[in-house]
Amino acid sequence: MTRFVLRRIVQTIPTLIGISIAAFLLVRLTGDPAALMLPPEATQEAIDAFNEKFGLDQSLPVQYWKFMSAVLTGDLGTSIRFNIPVWDLFVERMPATVELAAASMSIALLVGLPAGIIAGLKNRSWMDAVIRFFAFLGQAVPGFYLGLMLIVIFAVQLRWLPTGGRGTWQQLILPAITLAAYLIALLVRFTRGAVLDTKRQLHITTARSKGLSSWLILRSHILKNSMIPIITIIGLQVGAVLSGTVVTEVVFNWPGIGRMMVDAIYTRDFPVVQAMVMIVAVIFIVVNLIVDIAYSFFDPRIRRD
Amino acid sequence: MSDRLSSLARITRFRGVLLLALIAALALVVSACSPDGADDSTTTAGEGATTTAGDSGDDGDATTTTAEMVDDDEPETLIIGMGFAIRNLWANSSTTQQEINISEQITEKLIEFGPDGQFEPRLAASWEQIDDTTLELKLQEGVTFTNGEPFNAESAAFSIDVMLNSFAYGTFTSAVAGAEVVDEYTLHIKTATPTGLHMPALAVGSFQYPMAYFAEVGEEEFGMAPIGTGPYMLEEWIVGEEVRLTVNPDYWWGTPDIENVTFRAIPEEASRLAALETGEIGLLLDLPLDSASRIEDNPDLQVIGRPGNRLYGLTLSTLSDTPLVEPEVRQAIKYAIDIQEIIDGPLQGRAVALQDQRMTSAYFGFDPTREAIEYNPDLARQMLADAGYPDGFEVTFKYPSGRYTKDAEVGQVIAAQLAEVGIDVTQEVLEPGTFLDQLNALELNDLFFSGTLPPPDAHFVYFQNECEWRYAYYCREDVDQLIVDGTQTVDTDERQAIYDQIRAIFDEDPPQVNLYVTEDLYGATTALSGFTPWGSQFTDVRNFTLDG
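First to last, the protein sequences are chains A and B.
FYI, the numbering for the first sequence is 1 to 305, going by this note's numbering.
FYI, the numbering for the second sequence is 1 to 548, going by this note's numbering.
Just so you know, the hints here were simulated from the structure itself, not pulled from any lab data.
Treat each hint with caution, since some may be false.
To be verified - Partner residues are not named here, just some residues of chain B that face chain A (Cβ under 8 Å, in silico): (1) T95; (2) G170; (3) E241; (4) S271; (5) A274; (6) L436; (7) D437; (8) P454; (9) R470; (10) A472.
In this text the structure is predicted, and so the values were computed from the model without any measurement.
Note that CB positions come from ideal geometry on N, CA and C, so glycine has one too.
Start from the sequences and build out the full structure, keeping to the hints where you can.
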């Protein structure tokens, strides 16, 4: 078991190196930070001093080596734009993103699951049609557009909710719904499908023939068995939610890491982009690693490969 | 078979539950360590680098609304929305007005360009040129910085040094050699040669700093926790989000009406507009052209505009081997562009044509007798034919999309107008960052559309045509000499004559087609009064009032 875990950890090292090189090079393809950070009238001396200060005058391999050796000592670098350690920026903004992601996940579960179950149980009814219509809509409408529409309707026209920012629970509602919309649609589709599948299984027919009440059949047989793939889907959507926050945070001026990354890309704040990509990659790798390790704990066959 | 299925089911279920549990755990961990990290990037002036828990607030005060603005029990707060987050609060760190707009509420200059580009006294009460290389300034007396340090000639001389050592201002302040203290409130500004450019230098960059504090903390820390003599003091800065200012109760010029001013960054344009419409912000600094009529139609809002100083033009590069190297061809293009069509079309009438010179009446060196070029495509075709191009020619035309007001639309109109006279352009539409990269790398050949916002003095317009300048797409020795002469002439009439000469050369051998200036547009609640837009785009909050 220990050997398996060690092997998996060692296997992530090339992945991380690959990601770091990609992040490092891709962000440099966007151009020269001095052109954006300094005014167009800046003198050549000002540009040279700027590049020297942030080590941008050195060759790419040297820059990469410095970046990686700093990362290994826990130093993610300093934002060119704000002159603040990237780690501090991350720690300050991550709670906002987690709050938004958690809120939208909750909404998605509270709305998507019951709707999917109803649609599955009452398939081909008018309720099924209505739910499927909205699920289709939820998957088709881009988050960006949905967010702006919600602002126009609920903030500008009805004045029920603020247009953006973070601090009060009212400010959380619209961005959470925007981010949840796609998830709800996904959940409805999967739940509906799973319930339909289970409903047609022989053991359900058996249960009916035994004369069990339909509530008992629903609770003990249909739901219990349908939940397995649904929960898996929810778990796998962590990535979708994290990437969804990028658009949602920009539209609603939500001060999370998504917005910070977009800002950093537009202003060529290399250290922030590099470090954020690395952090997000590590989170993903760690989650996957833990899941794989846990799998192997339950199913020894996986360890053998 | 059923064993395998149930084992798989168990694993699948486990994987899902595990992932959910991980998300929850991550949320807890990150939430738990947030206040410490937040401290590092949220600073309060005067207290060094520590302050209250600075996540954007579970305290609810992040959503001050119009209702609160007019509530008698609450201090008046004006929230000003803008498109991007500033980098730091050290005014000499950048010459871009949007970057230093907030710093300028805290830090004041000795002299400034007023709303219409004229020199106005600020911390210098008066000035006099006492010899060819000395400008004598009499300073405001009895002014103190908000940390108690006195403002006097000594601190002013120190601040001039700060300006001269700041990289961002090198281009604009090179005329100034240094400052000498004469007595407590008299300062001499020395120049290496006789020049008329020391005044613009001071008006652009002479920000005044408390000597002891600035020397102690240095420019970087000062940029996080600035101290000045200005109408407002820094209360809190949530990096990347908003800067909260509170009024300086002892402001020497007279305490402003509005107690708290918050500058909030809202990057998404539509969201910014919605925030104005709902009253979450009271003033919007960069109102998009397309939204002006919508704001005007709203009885609770007003649109405030003025012709800006951003000078738009079409640069005709002489660097690449195209027919553009010939002056006659460039002259012809001047007649091929219908500026009024651009103004009435994509710019919706909110722009003013330039009078055949790359400046407006706000600039020193402006010639009021010149008129905008009259559109004359027949003459353009004739001139092209005379120059040996009766069938036109092909060139590359580059313009950005998303850097200037309606830039892509304007670019398309220009391309169509050039086609009218037989100039077949290959259009390259560039992302703003790429556009700037190519500008600096001299890659914007053969033609490009751009806008610049130089300080209101002809020198800062024309020096960009010097052969040596980083992105000069034009080079003539006689123009270079005149530009140098312009920097070494004190007499204003003589300087004016020099810039007239440069324009005469440009008439024959034009580097650009001068197009227009757009209106700077602001959206505001009707409760806001006292707002005068400045040509420099500085937001002078001192005279603002909010009515109940």
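Verification of the hints:
A hinted interface residue such as T95 (chain B) counts as satisfied when its beta carbon comes closer than 8 Å to some beta carbon of chain A; here the least separation is about 5 Å, so the hint holds. Interface restraint check: G170 (chain B) against chain A, minimum CB-CB distance 4 Å, threshold 8 Å, status holds. Taking 8 Å as the C-beta contact cut-off toward chain A, the hint placing E241 (chain B) at the interface holds, the least distance being around 5 Å. Hint on S271 (chain B) holds. Least Cβ distance to chain A is approximately 5 Å, under the 8 Å limit.
Here the hint on A274 (chain B) is kept, as its CB sits about 4 Å from the closest CB of chain A, short of 8 Å. Because the closest C-beta pair between L436 (chain B) and chain A is about 4 Å apart, less than 8 Å, the hint holds. Of the supplied interface hints, the one on D437 (chain B) holds, with its beta-carbon coming within about 4 Å of a beta-carbon of chain A, less than 8 Å. With its C-beta approaching chain A no nearer than about 7 Å, P454 (chain B) sits inside the 8 Å limit, and its interface hint holds.
At its closest, the beta carbon of R470 (chain B) sits 6 Å from a beta carbon of chain A; the interface hint therefore holds under the 8 Å criterion. For the restraint placing A472 (chain B) at the interface with chain A, the shortest Cβ-Cβ distance is roughly 12 Å, beyond the 8 Å limit, so the hint is violated.
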